[in-house]
Each structure stands twice: as C-alpha cells, then as structure tokens.
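Undergrad: Model the full structure from these sequences, guided by the hints.
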Amino acid sequence: MKTVALEITSTGWITTFQDLGRRDTERRGVPTGGAADQHSAAVANLLVGNPRGATLIENLGGELALVPDADVLLAVTGAPARVTVGGGAVESWSPLVVPAGHEVRIQGDVSRGTRTYLAVNGALTAETLLGSAAPDARMGFGQAVVRGSCVLLDTEFRGFSRRLFEAPLFRLPVPVPRFDAGPWDIDVVPSHGIHTITGIREVIEEATYVVTNRSNHVGLRLDGPVLHPDSDTEIVSHGVPVGALQIPHADELIVLGRYRSLTAGYPIVGVASRASLSLLGQAGPGRELRFRWSDRESSLRRFARREAEVRALEHAATEAFGALGFMAPLPHTR
Amino acid sequence: MTTAQYGAITVEPFGDSAVMVTIPHADQAIRKSGIVAFRERFLAHRPHGVLDVVSGLESLLIEFDPLTTALQHVEYAARLLAAWAPAPSDGPDHLRTVRQFAIPVVFDDETGPDLASVADDMGLAPAEVVEAIAESSFTISLLGAAMAPMMDGLKVPRPVRRLAEPRTDVAPGAIMIAGTHAIIQPFPGPTGWRVVGRTPRTIVDISRPDPVSFGTGDIVRFVPVTRDEAAVLGPGFLLPVGESV
Numbered sequence: 001m002k003t004v005a006l007e008i009t010s011t012g013w014i015t016t017f018q019d020l021g022r023r024d025t026e027r028r029g030v031p032t033g034g035a036a037d038q039h040s041a042a043v044a045n046l047l048v049g050n051p052r053g054a055t056l057i058e059n060l061g062g063e064l065a066l067v068p069d070a071d072v073l074l075a076v077t078g079a080p081a082r083v084t085v086g087g088g089a090v091e092s093w094s095p096l097v098v099p100a101g102h103e104v105r106i107q108g109d110v111s112r113g114t115r116t117y118l119a120v121n122g123a124l125t126a127e128t129l130l131g132s133a134a135p136d137a138r139m140g141f142g143q144a145v146v147r148g149s150c151v152l153l154d155t156e157f158r159g160f161s162r163r164l165f166e167a168p169l170f171r172l173p174v175p176v177p178r179f180d181a182g183p184w185d186i187d188v189v190p191s192h193g194i195h196t197i198t199g200i201r202e203v204i205e206e207a208t209y210v211v212t213n214r215s216n217h218v219g220l221r222l223d224g225p226v227l228h229p230d231s232d233t234e235i236v237s238h239g240v241p242v243g244a245l246q247i248p249h250a251d252e253l254i255v256l257g258r259y260r261s262l263t264a265g266y267p268i269v270g271v272a273s274r275a276s277l278s279l280l281g282q283a284g285p286g287r288e289l290r291f292r293w294s295d296r297e298s299s300l301r302r303f304a305r306r307e308a309e310v311r312a313l314e315h316a317a318t319e320a321f322g323a324l325g326f327m328a329p330l331p332h333t334r
Numbered sequence: 001m002t003t004a005q006y007g008a009i010t011v012e013p014f015g016d017s018a019v020m021v022t023i024p025h026a027d028q029a030i031r032k033s034g035i036v037a038f039r040e041r042f043l044a045h046r047p048h049g050v051l052d053v054v055s056g057l058e059s060l061l062i063e064f065d066p067l068t069t070a071l072q073h074v075e076y077a078a079r080l081l082a083a084w085a086p087a088p089s090d091g092p093d094h095l096r097t098v099r100q101f102a103i104p105v106v107f108d109d110e111t112g113p114d115l116a117s118v119a120d121d122m123g124l125a126p127a128e129v130v131e132a133i134a135e136s137s138f139t140i141s142l143l144g145a146a147m148a149p150m151m152d153g154l155k156v157p158r159p160v161r162r163l164a165e166p167r168t169d170v171a172p173g174a175i176m177i178a179g180t181h182a183i184i185q186p187f188p189g190p191t192g193w194r195v196v197g198r199t200p201r202t203i204v205d206i207s208r209p210d211p212v213s214f215g216t217g218d219i220v221r222f223v224p225v226t227r228d229e230a231a232v233l234g235p236g237f238l239l240p241v242g243e244s245v
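Protein chains in written order, with the working numbering: chain A, 1 to 334; chain B, 1 to 245.
You may find that some hints are simply not true.
Selected chain B positions facing chain A (Cβ under 10 Å, derived; list incomplete) [said to hold, decoys possible]: (1) Glu12; (2) Leu51; (3) Gly56; (4) Glu63; (5) Leu67; (6) Leu143; (7) Ala146; (8) Gly192; (9) Gly215.
Just a few of them, taken from the derived set where beta-carbon distance is under 7 Å, the chain B residues facing chain A [what the hints assert, rightly or not]: (10) Phe14; (11) Asp16; (12) Ser17; (13) Leu61; (14) Pro66; (15) Ala145; (16) Met147; (17) Phe187; (18) Ile206.
Calculated from the structure, these hints are not laboratory results.
Small disclaimer: the values here were computed from a predicted structure and weren't measured.
Cβ atoms here follow ideal geometry from the backbone N, Cα and C, with glycine treated the same way.
TA: If you want it as structure tokens, here you go:
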C-alpha cells in the first residue's frame with residue numbers, strides 16, 4: 001500500500017467527494033443522498049477494481065483536472081466528456097493508467113448530461129458522515145474538492161509496463177448509457193395521487209417537459225402542463241421515494257431527487273422507475289423529458305436487466321484485475 | 001414503548017420499490033401513536049431486503065431492494081407484524097432504554113418571535129404559553145429533516161396553527177411548535193412552524209460519529225433559562241440527564 005497525492009489543478013462548478021449514499025439513515029431524518037447518477041458512479045468504481053460504493057469524485061460543469069504524484073489507475077464515467085491525459089485525448093468509460101506528473105483533464109458536455117464521475121483505484125481520503133462520504137448540504141457537510149488542494153489516495157496500484165497510447169488495457173463489457181441529444185424518455189409507475197386529479201394521466205403522457213434552472217439536488221423542477229387536485233383535501237406530511245412526481249400549488253412538475261425530505265402535502269402522481277433514476281440524475285436545465293406510464297413489473301424487469309449488466313462488468317473486472325495480480329476489491333468500503 | 005391499539009393497517013404500493021403504511025382509524029391520535037408503535041416493531045423485526053424507512057406524521061414509507069425481496073413479501077411481513085398481539089417482554093422493542101432530556105431554553109421576544117402571536121391565538125399571556133411548554137412532557141416521535149427531534153405532547157388549550165407565510169431563515173437551536181408538536185431546528189433554514197424560543201445547546205454535531213444523542217421514544221422537557229444563564233451553559237452538545245428501561 002502506498003499513499004499518492006492527487007493535486008487538484010481545476011474544479012468544475014460543483015466538485016465534491018461522492019459515493020452511492022447513506023444506508024439506513026432515512027429512518028433518522030437523513031436522506032440517502034449520494035451520486036445523482038448511481039449507475040455511472042458504480043461503473044466508474046468497478047472499472048478501476050474498486051467496490052461499487054467506494055468514494056469517488058463527482059463533477060458538475062466546468063472542468064475538473066488533477067495531477068497524481070505517482071502512477072494511478074482511474075476511470076471517468078457519466079455524461080459524455082472530453083478527457084485528456086497530458087494533453088492527449090483518451091477514452092472515458094474505460095480503465096486508464098495516468099503516469100506520475102501527467103495532468104488529467106475532464107470537461108463534460110453539459111448539453112448532454114450534467115455530471116461526470118472520476119474513480120481511482122484505491123481509497124480516497126475523505127471525511128464521512130454517518131458512514132458515507134456523500135455531501136449533505138442541509139447538515140452542513142459540504143465535501144467540496146478544492147482547487148489547489150491535494151487529495152490523498154491509498155492504493156496498491158504499481159503500474160503496468162505499458163505505454164499510455166497503446167490499445168486500451170482491457171476490453172470490458174461496459175454498460176454505457178445513451179445520452180441522447182433529443183428528449184429523454186422516463187418510465188413512471190403511477191401512484192395514489194393520480195386518482196385525485198382528473199385527466200392528469202393523459203396530460204403528462206402527451207406533454208414534453210423542460211428542466212428549469214430552479215432545479216437542484218432536492219428535485220428537478222419542470223416547465224410543462226399540469227393539473228391540480230379536484231378537491232382540496234389535506235395531505236399530512238409523509239415520506240416519498242426518490243423519483244416521486246409531485247405537483248405543487250404552482251404550475252410546475254417536480255421530480256424529487258436523492259436529497260428529498262418529507263413532502264408537505266402535495267399530490268404525488270407517480271414515481272419514476274428505478275431504472276430511470278440514473279438518467280434523471282443527469283438531466284440539467286433545458287433538458288426535455290417525456291414520461292411514459294409503466295406498470296411495476298415491466299419497470300422492475302428493466303431494472304433487473306440493468307443490474308445484470310453491471311454484475312457482468314463486476315465479474316469481468318474482478319477476473320481481469322485478478323489475472324493482473326490485483327487484490328480483490330479493497331476491503332474497507334462496502 | 002407504546003402499544004397503542006390500531007388493529008388493521010393499509011399498505012399501498014409507492015413506485016416500484018416502496019410501500020406506504022398507514023393506519024385507517026378515525027382518531028388522529030391513534031393514527032399517530034399507532035404508526036410510531038408499528039415502526040418500532042417493524043424495525044425490531046426488519047424483513048430481509050428492507051433498506052430503510054421514512055417516518056411521516058401518520059405514515060411509514062418502507063423502502064426495499066426489489067431484486068432481493070418483492071412487494072408482496074414486504075406487505076405480508078408488515079401485515080403480520082401489525083396483527084401480532086403485543087407480547088410483553090418479548091422482542092427488543094420492549095427492552096430499549098428511554099433517555100430523558102432537560103433542554104435549557106431562552107423564551108423571549110428575540111428568541112421567540114412568535115410567542116406573542118401564539119399567546120394571542122390561545123387567549124393567554126406569553127408567560128402562560130411559556131409555562132404550558134415548560135409543563136409539557138414531550139416524547140420524540142420521529143427524527144425529521146437533518147435529524148431534528150420531532151416531539152408530541154404539547155399541552156395547550158388548542159392546537160397551534162402554522163405560519164401562513166413561512167420564515168426563511170431560522171437560527172439553529174430554535175424551539176418551534178405546531179399542532180401539539182414541538183421540534184428543534186438543528187441547522188439554519190426555513191420553517192412554517194411558530195418559533196417560540198432557542199436553546200444554546202448543540203442539537204446535532206456532524207463531527208461526532210453519532211451526530212445526535214436522542215432517538216425516538218425519548219422524553220424531553222424544556223427548562224426556561226435567562227439569557228445570562230444560557231450564556232454560561234454555552235453551546236455544548238446536548239446530552240441526556242437520565243435513562244430508564
């Protein structure tokens with residue numbers, strides 16, 4: 001094991017430590033939080049031989065850049081991005097050896113998706129709150145990665161006897177999502193509130209909604225047609241799943257994200273399918289969304305397919321790294 | 001722990017990997033105490049594949065991993081646990097320790113900007129509202145946003161109305177009331193609750209491995225102190241004054 005310093009030479013609009021979020025803390029009032037695009041975060045870690053939930057770096061907008069003081073193995077996933085090492089273009093969604101002293105630069109195409117993820121083989125040193133490095137703004141746990149600082153990494157990686165611009169190191173079965181330029185289709189399972197608003201099913205299924213810049217980690221606020229409940233029955237505050245589609249008093253639709261809290265009495269007409277949540281986590285201002293009603297069974301089938309792809313990658317990566325004499329996934333993270 | 005009689009529960013699917021449990025009873029007090037009792041029992045006998053729960057005032061959201069378990073299993077387990085006759089001294093939910101808190105609070109015009117209007121609504125003097133709060137014994141029914149302790153047990157002539165226009169920035173430590181509830185604001189933020197006082201103590205400290213010292217079922221009393229006494233007490237981490245089983 002050795003400790004490597006990653007000098008942060010540039011950060012984006014929001015650059016933080018991140019992971020897959022907190023477990024079993026919602027019962028104590030702390031939302032799970034974690035990477036908005038869970039799929040990209042998990043895949044980034046698997047591509048470098050880490051467990052899915054290892055601490056990584058999430059970047060939104062701008063350009064993230066860093067220089068390691070020893071060779072490191074890293075991977076960039078998330079929104080389509082221009083990634084360079086020492087000025088030369090390299091692939092994202094692939095393991096990548098960055099030699100000591102070479103700068104990695106990552107510039108996401110925000111018109112295609114909001115967030116990129118950078119995972120590095122090993123364990124990044126970051127503070128944790130309730131067992132997770134994910135930020136929680138509400139509790140004052142910022143986790144910002146600061147320009148000019150050095151992030152420390154404990155890693156077993158000792159480099160390969162290869163040159164940077166040779167063919168990629170591995171050919172792994174990587175499930176890369178599509179980040180289409182046009183509207184994104186999101187599957188939604190209807191919930192109780194749909195019966196309290198006559199005609200809302202048809203309105204939502206026929207419209208195209210646009211993500212506004214009032215959106216944040218708590219929820220995406222969408223411009224587009226909505227209807228309101230027929231009667232003004234009081235709804236007592238209650239918990240809601242991530243992905244809930246909520247209609248507030250104003251004429252907008254809100255899709256709640258991983259940092260949602262209890263809802264204060266607005267009708268919830270549906271919940272985005274688990275398989276659609278990662279894509280929603282990439283939707284930024286201006287993004288067009290269309291909603292398709294789905295039953296629970298087909299929604300879960302899609303999620304199971306996606307999970308099978310990630311497991312196939314997990315298996316292939318374990319084999320590949322094992323063959324190269326790597327340790328199994330580092331034990332300290334879940 | 002309370003063993004409120006609530007009989008049947010309603011279990012409603014909520015998306016593809018959660019269900020919402022409520023208690024269909026005409027009496028709101030039973031709906032509220034029943035769901036607290038159900039949550040404690042459910043967590044003490046948590047079915048495989050259940051990831052987390054979210055407490056509402058009268059509901060419990062149960063989140064599960066849909067590839068590990070299925071909605072039908074979770075629903076069945078929930079109904080089974082609800083129907084299970086309370087068995088004294090059986091199971092960890094009957095053995096938990098109840099902690100007692102005596103929380104120092106400054107009640108004045110500056111720390112409690114809504115004290116006067118609450119008093120008006122009740123037809124009381126502000127000092128009588130403070131007295132009512134100080135004489136109430138609160139039970140923590142759930143931890144709200146950012147681990148804020150949400151308590152039930154306020155003894156006032158009628159339930160306290162919320163603000164029509166929410167406040168945007170309430171200081172940490174603010175004691176707030178609504179209905180028959182009280183809550184303490186752990187971090188600066190907005191609220192629609194009526195702000196009646198402030199404790200100098202630190203309620204939530206994220207630098208500690210466990211950021212809070214309280215949990216559901218614990219008992220809280222508010223102890224009025226003067227500004228000077230509060231300054232002497234200082235912002236130390238809130239700790240219990242006693243425990244009982």
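Undergrad: The structure should be examined with respect to each hint, and the outcome stated for every one.
TA: Comparing the hints with the structure gives:
1. Glu12: Hint on Glu12 (chain B): holds, closest Cβ of chain A at ~6 Å, below 10 Å.
2. Leu51: Cβ of Leu51 (chain B) sits 7 Å from chain A, so the hint holds.
3. Gly56: 3 Å, holds
4. Glu63: This hint holds: Glu63 (chain B) lies near chain A, its Cβ roughly 7 Å from the closest one there, short of 10 Å.
5. Leu67: Result: holds, 6 Å to nearest chain A Cβ.
6. Leu143: 4 Å, holds
7. Ala146: 5 Å, holds
8. Gly192: This hint holds: Gly192 (chain B) lies near chain A, its Cβ roughly 8 Å from the closest one there, short of 10 Å.
9. Gly215: 8 Å, holds
10. Phe14: 6 Å, holds
11. Asp16: 4 Å, holds
12. Ser17: 6 Å, holds
13. Leu61: Result: holds, 3 Å to nearest chain A Cβ.
14. Pro66: Hint holds; Pro66 (chain B) Cβ to chain A Cβ min 5 Å, cut 7 Å.
15. Ala145: 4 Å, holds
16. Met147: 5 Å, holds
17. Phe187: 6 Å, holds
18. Ile206: 5 Å, holds
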